[in-house]
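> In order, the protein sequence lines correspond to chains A and B.
According to our numbering, the first sequence is numbered sequentially starting from 362.
According to our numbering, the second sequence is numbered sequentially starting from 5.
It should be emphasised that the hints constitute simulated quantities derived from the structure, not laboratory data.
There may be inaccurate statements among the hints.
Stated by the list, open to error - Keeping only pairs whose Cα atoms sit at most 25 Å apart, straight-line, the calculated BS3-like set for lysine-lysine is:
# : chain 1 : residue 1 : chain 2 : residue 2
1 : B       : LYS410    : B       : LYS371
2 : A       : LYS433    : B       : LYS147
3 : A       : LYS423    : B       : LYS43
4 : A       : LYS433    : B       : LYS371
5 : B       : LYS200    : B       : LYS43
In this text the structure is predicted, and so the values were computed from the model without any measurement.
So the chains spell out like this:
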Amino acid sequence: MRHIISILLENEAGALSRVAGLFSARAYNIETLTVAPTEDVSLSRLTIVTTGTDAVIEQITKQLNKLIDVIKVVDLSEAAHIERELMLIKVRATGKDREELKRLADIFRGHIIDVTESTYVIELTASGSKLDSFIQAIDAGLILETVRTGVCGIGRGERILKV
Amino acid sequence: MTMMTGAEIVIRCLQEEKVEYVFGYPGGAVLHIYDALFKQDQVKHVLVRHEQAAVHAADGLARSSNRVGVALVTSGPGATNAVTGIATAYMDSIPVVVISGQVPNDYIGQDAFQECDTVGITRPCVKHNFLVNDVHKLALTLKKAFYIANSGRPGPVVVDIPKDVTAAKCKFEYPEAIQMRSYNPVVKGHLGQIRKAVHLLLEARRPMIYTGGGVILANGAEQLTRLTRRLGFPITNTLMGLGAFPATDPQFLGMPGMHGTVEANLAMQHCDVLLAIGARFDDRVIGNPDNFASIPRKIIHVDIDPSSISKRVKVDIPIVGNVPDVIEEMIRLLDAGNAAPDAQALAAWWKEIAAWRAKQCMKYARKKNVIMPQYVIEKLYEVTAGKAIVTSDVGQHQMWAAQYYKFDEPRRWINSGGLGTMGVGLPYAMGAALQHPEMPIVCVTGEGSIQMCIQELSTAKQFRLPIKIINLNNRYLGMVRQWQEMFYGSRYSESYMDSLPDFVKLAEAYGHVGIRVERPEDVEPALRKAFIDHRDDLVFIDFITDQKANVFPMVAAGKGLADMILTEDL
Chain A
362 MRHIISILLE NEAGALSRVA GLFSARAYNI ETLTVAPTED VSLSRLTIVT TGTDAVIEQI
422 TKQLNKLIDV IKVVDLSEAA HIERELMLIK VRATGKDREE LKRLADIFRG HIIDVTESTY
482 VIELTASGSK LDSFIQAIDA GLILETVRTG VCGIGRGERI LKV
Chain B
5 MTMMTGAEIV IRCLQEEKVE YVFGYPGGAV LHIYDALFKQ DQVKHVLVRH EQAAVHAADG
65 LARSSNRVGV ALVTSGPGAT NAVTGIATAY MDSIPVVVIS GQVPNDYIGQ DAFQECDTVG
125 ITRPCVKHNF LVNDVHKLAL TLKKAFYIAN SGRPGPVVVD IPKDVTAAKC KFEYPEAIQM
185 RSYNPVVKGH LGQIRKAVHL LLEARRPMIY TGGGVILANG AEQLTRLTRR LGFPITNTLM
245 GLGAFPATDP QFLGMPGMHG TVEANLAMQH CDVLLAIGAR FDDRVIGNPD NFASIPRKII
305 HVDIDPSSIS KRVKVDIPIV GNVPDVIEEM IRLLDAGNAA PDAQALAAWW KEIAAWRAKQ
365 CMKYARKKNV IMPQYVIEKL YEVTAGKAIV TSDVGQHQMW AAQYYKFDEP RRWINSGGLG
425 TMGVGLPYAM GAALQHPEMP IVCVTGEGSI QMCIQELSTA KQFRLPIKII NLNNRYLGMV
485 RQWQEMFYGS RYSESYMDSL PDFVKLAEAY GHVGIRVERP EDVEPALRKA FIDHRDDLVF
545 IDFITDQKAN VFPMVAAGKG LADMILTEDL
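With the sequences and hints as input, model every part of the structure.
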């Protein structure tokens with residue numbers, strides 16, 4: 362099962378490598394990992410997408426909680442939540458492809474944010490699976506480069522992760 | 005307030021923490037700290053001969069007492085040499101603070117002389133570690149280090165200090181107590197869960213108590229003994245938990261696991277309610293977890309670390325909390341309810357256990373002309389009247405010491421259970437000897453293990469540590485040989501120890517007493533000579549033992565607990 366685990370941790374040097382190191386040392390799987398400081402600069406918010414059985418996810422949560430720099434851990438996918446991922450994708454845009462790519466970007470509510478005679482950079486924010494669909498919708502031969510941030514997520518409504 | 009250098013702050017913090025001994029080895033990056041150490045006499049420094057031994061000795065001191073062990077090493081090779089010691093302490097949850105020097109802040113990342121990423125290298129084998137880049141953070145960081153090392157589930161903490169920080173000055177302030185928003189270990193167990201557990205224990209018809217190192221670390225032996233006697237249940241202590249319940253008590257079934265007794269393993273396997281306390285269902289204890297889980301039983305698991313619960317075995321009643329507090333609460337509930345377990349069911353269960361016990365799985369064949377290693381441990385137990393602190397290295401001798409020396413009290417048996425580090429025995433004994441100068445200190449070892457930290461004979465001489473080294477010398481890496489005999493068609497690949505030193509001469513070369521014993525009838529006199537005539541000397545007794553002796557019973561790796569190989573099976 363796919364889980365989105367959200368972590369509040371001390372914004373200390375090395376804190377990220379403690380989390381990443383835990384996953385590799387215990388052979389847990391990381392699909393994506395994003396991290397950035399929060400409105401309180403002493404705190405970082407880290408989101409990990411992982412897969413595993415219920416027992417593995419329980420261990421992941423417990424092991425994360427054991428790290429000294431980790432303040433709180435929540436499995437976002439346990440209840441109502443929103444997830445988003447940002448992708449920048451550079452495509453070959455010449456001839457009739459220019460029009461087609463523009464149309465596809467519109468359908469997926471993306472934006473073309475860089476234009477040259479022969480390329481576009483399309484920015485797209487959506488759930489991870491939506492980004493996958495977009496990539497599949499484009500002729501693979503046109504894709505020059507993709508950059509994805511990895512998933513970040515937040516609980517719906519009053520579901521709040523705070524110190 | 006006076007200004008102090010970082011180096012002075014380090015030493016002052018150690019004084020504040022009432023640290024008596026620091027085990028260490030000087031070098032470039034810690035020269036300021038060693039200079040500050042020189043100018044005081046409250047904290048005593050023990051100069052080891054290799055940094056690995058510094059951490060092991062600090063670890064041994066911690067295991068034999070209830071204190072945090074402290075080691076001090078230099079940057080680069082000093083720190084990397086310490087890694088085995090740190091990982092050893094980590095696997096057994098031992099409170100140790102390791103202070104390492106680092107190259108100056110503005111050299112970090114420049115591939116400076118004796119530079120290594122100590123924090124990075126040690127990260128996976130510490131409870132926590134710090135790089136202190138500013139002298140203003142130094143005192144608080146050391147306070148945190150001691151607090152983290154010795155609270156919750158204990159463990160080693162590394163504090164890496166760049167050399168310029170030890171020269172820089174600031175005011176010294178040391179907080180009395182400390183609060184961390186990201187670290188608040190649970191202490192009190194959940195009352196509802198404890199109530200459920202007690203209820204289940206009283207309903208049990210075939211109950212079993214299984215406890216590990218957590219009981220020793222939490223100083224819960226007294227409470228455990230009271231609870232066990234109050235309930236009248238059978239009990240087993242793991243390799244790490246020996247001494248938590250008196251081994252000479254009839255309720256004690258011996259050690260469980262790969263080399264556990266028949267009665268302990270079968271009772272673990274066939275009980276209907278298992279009370280696990282401060283133990284982690286390690287692979288060497290329960291064997292194959294699928295096999296273990298295939299027999300239905302209810303499990304209550306008390307542990308300070310939630311991640312130990314339901315990690316390898318699914319638990320019915322988890323209780324996160326400090327062991328002695330939880331047990332106290334159980335006893336209180338038992339007393340309040342004035343309840344007792346079903347006496348008839350319990351009697352029937354004990355009868356079943358008695359039949360397993362009657363197999364006398366620890367019996368071994370004596371030989372007339374060859375010293376059996378088990379016999380040496382039996383005699384050691386007699387000669388020391390069971391009152392010694394016994395350290396061991398890793399291998400067959402470790403198992404025999406655990407099986408044949410009866411530990412009636414906690415913190416008397418010191419060995420590397422988790423990491424299984426050869427070479428710990430002598431440095432462990434050094435730490436224990438400094439902490440307990442009044443007690444006999446024994447290091448049970450083999451000719452393989454002892455050579456992994458043999459240089460510490462020199463440290464033991466310098467500090468006049470009257471350790472008795474019991475070398476069970478079978479000219480083989482015995483445990484490797486045993487596996488090769490049993491599982492590799494007796495192809496003894498690289499397990500024969502050739503070109504051994506003359507250990508008697510070696511001991512004498514270091515200024516100690518050496519004795520060689522080759523006949524069974526000389527075992528006891530040699531031990532008496534060592535413990536009585538040479539009470540104040542380090543004595544190295546080289547026992548030339550049976551080469552083919554194996555450790556039994558044995559549960560082969562990956563097998564179920566009931567699948568034991570006994571001596572007569574071969």
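> Checked against the structure, which of the hints given earlier come out wrong?
3, 4 and 5
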